[in-house]
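J.: Sequence:
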Amino acid sequence: MVAKVSAARRPRAGYGWLLLPALLLLLAFFALPLGTMIVYSLGRSAVGQIYIPDLTLDNYGALFATPVYFNVMVRTLKLGLIVTVLALILGYPFAYLMARGQPWLRSALLIAVLLPLLVSVVVRTYGWIVLLGLDGPVNGLLLALGLVSQPMKFVFNETGIIIGMLHVYLPFMVLPLSSVLQKLDPQLEEAARTLGAGTFTVFRRVILPLSVPGIAAGSMLVFTLSVAAFVTPALMGGAGINVMATLVAQQILVLVNWPLGAAVAVMLVLVTLVVVTAYNRFLEARSGIYRRIET
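For the sequence shown, my numbering gives the first residue as 5, with consecutive numbering after it.
Everything labelled a hint here was simulated from the structure, so no lab data went into it.
What you were told as hints is all true, and nothing was included just to trick you.
Between beta-carbon pairs, the in silico distance windows are:
{"hint": "1", "residue 1": "Phe68", "residue 2": "Pro97", "range": "37 to 43 Å"}
{"hint": "2", "residue 1": "Ala32", "residue 2": "Leu109", "range": "40 to 46 Å"}
{"hint": "3", "residue 1": "Phe204", "residue 2": "Arg285", "range": "26 to 32 Å"}
{"hint": "4", "residue 1": "Leu259", "residue 2": "Ile42", "range": "19 to 25 Å"}
{"hint": "5", "residue 1": "Arg209", "residue 2": "Gly105", "range": "21 to 27 Å"}
{"hint": "6", "residue 1": "Arg285", "residue 2": "Leu118", "range": "28 to 34 Å"}
All C-beta atoms, glycine included, are put in the ideal place defined by N, C-alpha and C.
Let's have the full structure, built from the sequences with the hints guiding it.
T.: Here it is as structure tokens:
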């Protein structure tokens, strides 16, 4: 009996070692590459030499001092914000129907969200190029309906990039939102209506505040994926429109300026972290305001 009690009181062995595979994976595929990029970004290049070791911030200064590079950073953030906002506006009703619709409707909407994920991003992007081309079905329909007098240019510009990325990353907004909305108790909405709240008031005071975690998760996913996107901007934007991901490829693969390309990559990570952190703090503050209003 004493042996059993002492064994029960004996502290359990730590299970921290179970995290070792994940930590090694992060170290090998995230920490080391990012550290290498930081080291390269502090160096300089010369004719015939890819990288010269140094400790200089000239590459980062060039990103802000050179209008071309600065405009690329601004364009990348602008496109990411536009895609995120549009994904939230289009994805919220879709996610609500997935959470509260009839079983057959939920299944159909879930299939509609998941099916595009089974197709390569390259294939989907080329599909949009065909659809939105000057001789494509979209322009053909607009001309047939008399809405335009000449074909509109939907590709090889920012409009095409937004459309392509919105289609690619919309599921990453819908799935987290629908997961959160499914967990909301419908009786809360019924109680609000019993107390005299209208449909808009129920949405603003009950559904929207409680769905903030889903909004935060979906928005951060879509934004981080959008600002780091390479395939869709490269194909639908063409050579005339650069974003930070394509600028990195251009500097490293074409101009062979590895330090500047590394600085762009590091800056992309830093800017994304800053924007996501600020957005998360904003949502937390708004969520706290909603909770105080509710009480």
